[in-house]
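Between the sequences and the hints, there should be enough to build the whole structure, so can you do that?
Chains as they are written, first to last, in the working numbering: chain A, 1 to 290; chain B, 1 to 290.
Derived by calculation from the structure, the hints in this document are not laboratory data. Hints may contain errors.
[Unchecked claim] Restraint-style ranges between C-beta atoms, simulated for each label pair:
hint : chain 1 : residue 1 : chain 2 : residue 2 : range
1    : A       : Ala-50    : B       : Lys-286   : 50 to 56 Å
2    : A       : Arg-233   : B       : Ala-287   : 35 to 41 Å
3    : B       : Pro-146   : A       : Thr-273   : 35 to 41 Å
4    : B       : Ala-287   : A       : Trp-98    : 46 to 52 Å
Glycine included, every Cβ here is placed at the ideal spot set by N, Cα and C.
Number of protein chains: 2
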Amino acid sequence: MDVRQAAGEGEGPLAMIIGGGSIPIAVAETVERRGRRVVLFPVSGWADPAVVEKFKHYWLPLAKAGLFYRYARAEGCRDVVFVGKALRPPLRSLRIDWLTLRLLPRIVRAYRGGDDHLISNVARIFEDYGFRIVAPHEVAPDILMPAGPIGTLRPSQRDEADITRALAVLEATGPFDMGQAAIVADNHVLAVEAIEGTDAMLRRIAELRAQGRIAAPAGAGVLVKAPKPQQDRRFDLPAIGPRTVEEVARAGLAGIAVVAGGAVVAEPAAVATAADKAKVFVAGIKAPDR
Amino acid sequence: MDVRQAAGEGEGPLAMIIGGGSIPIAVAETVERRGRRVVLFPVSGWADPAVVEKFKHYWLPLAKAGLFYRYARAEGCRDVVFVGKALRPPLRSLRIDWLTLRLLPRIVRAYRGGDDHLISNVARIFEDYGFRIVAPHEVAPDILMPAGPIGTLRPSQRDEADITRALAVLEATGPFDMGQAAIVADNHVLAVEAIEGTDAMLRRIAELRAQGRIAAPAGAGVLVKAPKPQQDRRFDLPAIGPRTVEEVARAGLAGIAVVAGGAVVAEPAAVATAADKAKVFVAGIKAPDR
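What follows is the structure in structure tokens.
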């Protein structure tokens, strides 16, 4: 069998390799509502078993590229979406199959760098095997952050200044393929995300505040999320959800600003409710000019 | 009394406003060994009471500028050193005296920004009142990080690549007046310091490693510390000590690289012993060309 043979022509069902969080299911529901069948490939240890049950799915242990290839072909899938929270596993923890083994030198090279580097190299491997990688928002545009506020509050002038500074920080760190989020309060950079993730970063700020280590008063400060400047937007767009709103409130910040069209919102209605309840703003902002 | 009158001429004893850690005492001992008297002003809540006992000292509650002014003048001090770990206190927690009250508008403006901004504005106030701010390494040059290794290990070629990348990250974040440290492993930026401090950042990496969230194997990765590009070197140079070495080992990193002459080493002999015991390198490196 020539594994490099094209994996099928035409639209066909959409293969979704999914990680954690609620966004994968929001995407799957939208795609099916729009009349296209989905086949989920939840990654073992990342995806939530409870939520994949209502869709056709095949559990996918990491490093089982051969398994994905076999089932996706059998289902007639050519288009593949990657969506959901992923954890970068230690290479040594992977139990690999034959196809992955053949690809291992490429995967090892992909590992030596940031997330974008890893993701785009893995994507290229899929493309070499005849699949087409599509962005979650190509198949479900309504998951993208809209412009303007979600909920009733809006950023103050002071918040706008903090947003501008946070965007500048993210612009500076973008080329290093690190986090997509920063926290600024009263013009002071409190945190820049690297591998810990946004929730962990917010919990850190809540702790430092409890220890009296943050000079800005509660109710000042903004979490800003923006895609990296050179990011391949088919993968790993920044995301927020109701839990982000709750963590922002616990960290004593004024709100969340997200580049409109450059981030994904899980459960927008729940985000609006959570924002109004916690008295924080959630704003879709313009990307800085480049 | 004209509080703006010069606080004394000539060398006289050295006033040291000191925070936490062991570096202030190392500086005080060096200065006295070189024949100049010191008067310590340990800041309440920051400095360690046990270590200030052997020197003439006046405890200084924060926001008691008047108290410092009175005692420093009475002691004939004109030169002032700031040294040791400081915590940025919430403004509302300060119980201020009359002089501080008069200065409050300037202090409030100084608070709206990063540490450098705060520190240089506070320094300017001291200078307006006739004091001269001197750098800890002006009065105790032997506290500066030397070039080359401390201990027996040296960075590998892989470590050198990680050091270069970390220096580039710090160069990019420097203008934002945030942290002075970053951690890179296998070309992947694991953490950038903001307000949490180096020890907390290292503990975060140790935790993420325990959770299997770090792809690089144990023994890869470097903590790099460098002064900010526009930093006023009289204040807040990055510092390392034996505890930094222990935290680096716990985080599973290969070593520490510090810009030679641009950072302070507490207890160099103890750092060498700790480095050899933990099998990590500690290297004084050249600052990147600008």
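Going through the hints against the structure:
1. Ala-50/A with Lys-286/B: 50 to 56 Å: Taking Cβ atoms as reference, Ala-50/A and Lys-286/B lie about 55 Å apart, which means the hint holds.
2. Arg-233/A with Ala-287/B: 35 to 41 Å: Given a distance of about 36 Å, which is inside 35 to 41 Å, the answer is holds.
3. Pro-146/B with Thr-273/A: 35 to 41 Å: violated, 59 Å
4. Ala-287/B with Trp-98/A: 46 to 52 Å: For Trp-98/A against Ala-287/B, whose Cβ atoms are near 49 Å apart, the range 46 to 52 Å holds.
Checked against the numbered hints given earlier, this structure breaks only hint 3.
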